[in-house]
Every structure is written in structure tokens, then in C-alpha cells.
Amino acid sequence: MAARDSKRILILGGTGEARRLAPMLMDAGYSVVTSLAGVTSDPNLPQGEVRTGGFGGVEGLVEYIKAENIVAIVDATHPFAEQITRHGFEAAKQTNISYVRMERRPWKPLARERWRLVPDVDAAVKALRKDARVFVTIGRKDLAKFAEREDLSVMARSIELPEMELPENWRFILGRPPFSVYDEVELMRQNKINVLVTKNAGGKAVSAKLQAARELGIEIIMIERPDIPEIRKVRSVDQVMRFLPGA
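Residue numbers 1 to 247, in our numbering, belong to the letters of the sequence shown in order.
Hints may contain errors.
Unchecked claim - Calculated cross-link-like contacts (lysine-lysine; reagent style DSBU-like; alpha-carbon spacing at most 30 angstroms):
| no. | residue 1 | residue 2 |
| --- | --- | --- |
| 1 | Lys126 | Lys141 |
| 2 | Lys108 | Lys126 |
| 3 | Lys204 | Lys192 |
| 4 | Lys126 | Lys7 |
| 5 | Lys126 | Lys145 |
| 6 | Lys130 | Lys93 |
| 7 | Lys192 | Lys108 |
| 8 | Lys204 | Lys233 |
| 9 | Lys130 | Lys141 |
| 10 | Lys126 | Lys66 |
| 11 | Lys7 | Lys108 |
| 12 | Lys93 | Lys145 |
| 13 | Lys233 | Lys141 |
| 14 | Lys93 | Lys7 |
| 15 | Lys108 | Lys66 |
These are computed hints drawn from the structure, not numbers from a lab.
A quick note: this is a predicted structure, and the numbers were derived from the prediction, not measured.
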């Protein structure tokens with residue numbers, strides 16, 4: 001047990017990067033447990049040990065680290081999972097263990113893409129022109145904010161059903177990426193979409209919608225990532241390994 005515990009890593013997961021990271025760390029000799037928030041009812045599970053649900057804030061995470069003899073946290077959560085990132089960073093600091101955040105590169109506007117950058121969802125709602133036909137791909141959490149704009153025609157998509165009653169002029173689609181560029185073009189064209197609202201999640205898995213919007217000349221309202229400047233970010237497993245004990 002001592003050898004196992006001496007290299008026990010907590011991955012804060014829920015992303016494709018976290019699923020790829022777990023077996024790589026296991027192959028490197030680490031004992032790995034991946035934590036999932038539990039907001040998705042049928043998640044894609046990583047290899048190795050998995051726990052589901054919250055920790056109970058920073059205090060609860062500190063208790064978990066001590067009880068499980070965690071020696072390092074690798075934060076591979078979604079770029080917009082700001083709360084758990086802050087909690088993981090603070091808990092690692094309080095327990096004096098290693099912490100590193102693995103975060104995919106953000107998207108950058110390409111030629112012919114019409115981006116409008118906004119800092120948050122509220123700003124995205126305000127930025128929409130009257131009578132816009134909007135394709136909203138920000139997950140289900142903040143969809144209700146768009147329902148406050150009765151002048152909009154909205155098509156929304158997420159992995160889970162929203163916890164709200166959809167207005168009559170809305171269309172909701174259940175879907176899990178990746179999507180093809182062809183299907184995204186057809187979806188936007190058939191629904192006469194003229195604005196895409198999305199978050200700068202980065203990565204390749206969901207970039208087809210940006211390519212489709214570019215092909216159709218559709219405006220993109222891009223919600224920027226939360227900025228947490230004190231947290232160190234890396235882009236690859238090799239870079240993660242440099243910050244782990246015994247690497």
C-alpha cells in the first residue's frame with residue numbers, strides 16, 4: 001500500500017484530455033483516481049479508479065487529499081470549470097502538494113471568420129441583435145439567460161436536457177461531439193441560423209461548428225475563457241510529468 005500511495009495522483013476530469021491522461025500516468029507507474037463532477041448522466045469514463053460528485057468546497061477537497069494520501073493534482077477540467085479549478089489550486093496550496101493544470105489551446109479566429117469577443121454569457125445575450133436566429137452551444141447551465149430575450153429565435157444544443165421549460169420559438173437538440181462540418185453546415189442552413197454563440201473551449205472535437213459558420217458567413221459570438229493568472233497551465237502530458245513527484 002505504501003508504494004501505491006507514494007505516487008497517488010488525483011485527476012480533476014470530465015474532458016477528453018483527462019481520459020487520455022489517466023492511462024498514460026498509470027503506464028508511468030502512478031496510482032490514478034479521476035474525479036468527475038457528476039453533471040452528465042452517462043459520461044465517457046476514463047481508465048482506472050473513478051469518483052463522482054463534488055468534494056464540498058476547498059475544505060472537503062483538503063480532507064480528501066489527506067485521507068487518500070494524494071501527492072499531486074492534475075487539473076484537466078473544462079476551460080470554463082472555473083470553480084473546481086480555483087478549489088483544486090487552493091487545496092493543493094493548503095496541503096503543500098503539486099498542482100498543474102492541463103488545458104487545451106484556445107481557438108483563434110481564422111480568415112473569413114467573423115468573431116465578436118465577449119467576456120461572459122450575459123454579455124453574449126446583450127450582444128445579439130434584435131430578431132437574430134441564434135445557434136447556442138454553451139451547454140445547458142446558462143440557457144435560461146437567452147430565454148429572457150423574447151425577440152430571438154433560438155436553436156440550442158447540449159449533451160443533457162436543460163432544466164427549464166423551452167419557449168415556443170426554441171428548438172433544442174441533444175448531441176455529443178464530435179460533429180462533422182457537413183452536418184453542422186446543413187443544420188445551420190436548414191434552420192436559417194445567422195449567429196453562432198459558443199464558448200472558447202478550444203481543441204478539435206467541437207471546431208466543426210466554427211468551420212461551418214465560416215463557410216456560411218455566420219457571425220460568431222465567442223465567450224472568452226475566465227482568466228486565472230496565478231495558475232500554471234501546460235498543454236501536453238510530457239509537460240504535466242515535469243510537475244509530478246517521482247517523475
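Do the hints match the structure? See the list:
1. Lys126 x Lys141: Between Lys126 and Lys141 the Cα gap is close to 17 angstroms, so the pair holds against 30 angstroms.
2. Lys108 x Lys126: holds, 23 angstroms
3. Lys204 x Lys192: Within the cut-off at roughly 25 angstroms; holds.
4. Lys126 x Lys7: Since the Cα atoms of Lys126 and Lys7 sit roughly 48 angstroms apart, the hinted pair is violated (cutoff 30 angstroms).
5. Lys126 x Lys145: holds, 10 angstroms
6. Lys130 x Lys93: violated, 47 angstroms
7. Lys192 x Lys108: holds, 25 angstroms
8. Lys204 x Lys233: Satisfied, since the Cα-Cα distance of roughly 19 angstroms is no more than 30 angstroms.
9. Lys130 x Lys141: Status holds; Cα separation ~23 angstroms.
10. Lys126 x Lys66: It is violated: about 45 angstroms lies between the C-alpha atoms, which goes past 30 angstroms.
11. Lys7 x Lys108: It is violated: about 37 angstroms lies between the C-alpha atoms, which goes past 30 angstroms.
12. Lys93 x Lys145: violated, 35 angstroms
13. Lys233 x Lys141: holds, 25 angstroms
14. Lys93 x Lys7: With Cα atoms ~18 angstroms apart, Lys93 and Lys7 stay inside 30 angstroms; holds.
15. Lys108 x Lys66: Violated, at roughly 40 angstroms.
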